[in-house]
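> Residue numbers (our numbering), protein chains in the order written: chain A, 1 to 304; chain B, 1001 to 1304.
A couple of the hints might just be wrong.
PhoX-like, lysine-lysine: derived pairs with alpha carbons at most 25 Å apart [claimed, not checked]:
#: 1; chain 1: B; residue 1: K1292; chain 2: A; residue 2: K292
#: 2; chain 1: A; residue 1: K302; chain 2: B; residue 2: K1292
#: 3; chain 1: B; residue 1: K1302; chain 2: A; residue 2: K52
Now the stretches of chain B that chain A is said to cover, found in silico as 3 or more residues with beta-carbon under 8 Å [claimed, not checked]:
#: 4; stretch: 1183–1191
#: 5; stretch: 1202–1211
#: 6; stretch: 1252–1264
#: 7; stretch: 1290–1301
Derived contacts from chain B toward chain A, CB cut-off under 8 Å, selection only [as the list claims (entries may be wrong)]:
#: 8; residue: A1109
#: 9; residue: L1194
#: 10; residue: W1197
Calculated from the structure, these hints are not laboratory results.
Virtual Cβ for every residue (Gly too), placed ideally from N, Cα, C.
The residues making up each chain are set out below.
2 protein chains.
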Amino acid sequence: MSKRLYIQEVVTRDGFQSEAQFIPSEDKIALIDRLAQTGLAKIEVTSFTSPKAIPSLRDAEEVMRGIRRVPGVEYCVLVPNVKGCERALACQVDEINLVMSASDSHGMANLRMTAEQSLEQFRQIIAVSQGSGVFINASLSTAFGCPFEGQVAEARVHELIQRLLDIGVQGVTLCDTTGMADPAQVARICREALARWPQTQFTLHFHNTRGMGLANALAALDAGIDRFDASLGGLGGCPYAPGASGNICSEDLVHMFQRMGLDTGVDLDKLLAVAATLPTLVGHPVPGAILKAGKSDRRYAKAQ
Amino acid sequence: MSKRLYIQEVVTRDGFQSEAQFIPSEDKIALIDRLAQTGLAKIEVTSFTSPKAIPSLRDAEEVMRGIRRVPGVEYCVLVPNVKGCERALACQVDEINLVMSASDSHGMANLRMTAEQSLEQFRQIIAVSQGSGVFINASLSTAFGCPFEGQVAEARVHELIQRLLDIGVQGVTLCDTTGMADPAQVARICREALARWPQTQFTLHFHNTRGMGLANALAALDAGIDRFDASLGGLGGCPYAPGASGNICSEDLVHMFQRMGLDTGVDLDKLLAVAATLPTLVGHPVPGAILKAGKSDRRYAKAQ
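With the rest of the complex left out, here is chain A (with noise of 0.2 Å):
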């Protein structure tokens, strides 16, 4: 048992945004709300984005006003734009999340905007923000590669974070968007970023696009991450690889983590349970590999 982690969860926001069937919303919340009893550290809502342009989180206000708070859990919600946050700020979130793409190409292609367009972007959302006490938290997507581009490089990688600092952000989401990352990259990359911005709360987002979701989280464990964004089964596709894993899973990570002798705060029991809920919530099977499995101490009966 040495340092606490951090797991921050995603599925109502990042996993529900890429389901086809929309989630209703008393369904939503009392996820929420279940998610909000086992432990996790921070909850990513919901996106105040606009109800056209994603339909299954059209609901945004009705879910963040339906929550029930829990003291201890921060309430993440994502916000792209002046209007999003003003919408944000009135349901008294706790942090708000900035997303950008450290490549331009995956910016325009998701976002419509250069890295330079959300970044000034960034500092009207900020000055809005202003004396509320909202954590501002930016997700670099593409931070390890970009499905267009390539290769980004570090450099790149490192001016942003800075210039994110720069202009106000308080915590920073390294992004695999699309599973590109391998453990040597991963372990660079976080190990410079500890380094050079040693009081910035750094988060690391994997997914499992190419099955090394949780060997990326190891390495940035060994680098000295301590918060990682997860999502409840595995839920949160790649619209880049049909049928490849999204997210990685909740309950898979806590479990490593736990197996390891980490401390995540998280009651697995209570998430897997959560978790179990989750296949008949949303119409599919998930990702997951311990819903399935079981935890490593399942025990078998002896053959006769």
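Fit chain B to the known structure of chain A by using the hints.
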């Protein structure tokens, strides 16, 4: 590019063993011959077990005699007893792989033998193989945990390694038979094994049952291990976890190591081309991630 790693393919033995449908001998032979052209260090071809015990491998002689040997590739077979050893030697195998369990309840369930009984049988097999020049490897199942007994003491694993070496075993494979290992445990056991027996050829055999397969491989690599078993497509189910993944996937493992800048000796594109034939060959989808998602350097056309 640092040290050379060795990837050992087990699909035609460990993978096909658990397939319900018999794979025709000529298909097995063709698959092995294609695999031998990819740069894999070793191929576990088949098992010289009783055709009644494992009907899917009842064509061991035919397959072993039908393949075209590629210089530099080691052709290994599983041998459960003296009779199997005699059959294997008659086929001029390069290596025989003996299997025992670190935990007696798993040994009884899987082999109907305690560890003591397995060691005694190994002595007889090794005596029969004397003078043949065949390399003797022993696989230690449940080295990281037993589905019946739970934790297996690390001291027990060390004791069994020593006893295996004492009776003439030259290589030892530490097997996470049912996917119970975690990276911290793997690092501990591997470091200790390499420190105590620096001259012994150790192989690590992981399953991805709980999503930790590649994380465990990474932990073993970091501890100094350079040999890994893996199964094409991730084939090879776990009888204790229906629906869960089996062996770690060869092409996913090679992909991870290659992305890390390590030399596996394997031509990944060739290996992927062979892996792509597997779903048709076995008549069902396989768990491998890279087959679905493509390599990390896969590029997509930019959005218009």
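> Run every hint past the structure and note whether it holds.
Hint check:
1. Taken as a hint, the K1292(B) and K292(A) pair is honoured in the structure, with Cα atoms around 20 Å apart against an allowance of 25 Å.
2. Of the pairs offered as hints, the one joining K302(A) and K1292(B) is violated, with about 37 Å between alpha carbons and a cut-off of 25 Å exceeded.
3. As the CA atoms of K1302(B) and K52(A) are separated by approximately 23 Å, the hinted pair is consistent with the 25 Å bound.
4. Counting residues of the stretch 1183–1191 of chain B whose C-beta sits closer than 8 Å to any C-beta of chain A gives 3, which meets the bar of three, so the coverage hint holds.
5. Counting residues of the stretch 1202–1211 of chain B whose C-beta sits closer than 8 Å to any C-beta of chain A gives 4, which meets the bar of three, so the coverage hint holds.
6. Under a criterion of three residues with beta carbons nearer than 8 Å to beta carbons of chain A, the stated coverage of the stretch 1252–1264 of chain B is upheld, 6 such residues being counted.
7. Using a Cβ-Cβ cut-off of 8 Å, 11 residues of the stretch 1290–1301 of chain B lie near chain A, which meets the minimum of three, so the contact claim holds.
8. Here the hint on A1109(B) is kept, as its CB sits about 4 Å from the closest CB of chain A, short of 8 Å.
9. A distance limit of 8 Å between C-beta atoms decides the matter here; for L1194(B) the minimum to chain A is near 19 Å, and the interface restraint is violated.
10. Because the closest C-beta pair between W1197(B) and chain A is about 25 Å apart, greater than 8 Å, the hint is violated.
Checked against the numbered hints above, the structure breaks hints 2, 9 and 10 and satisfies the rest.
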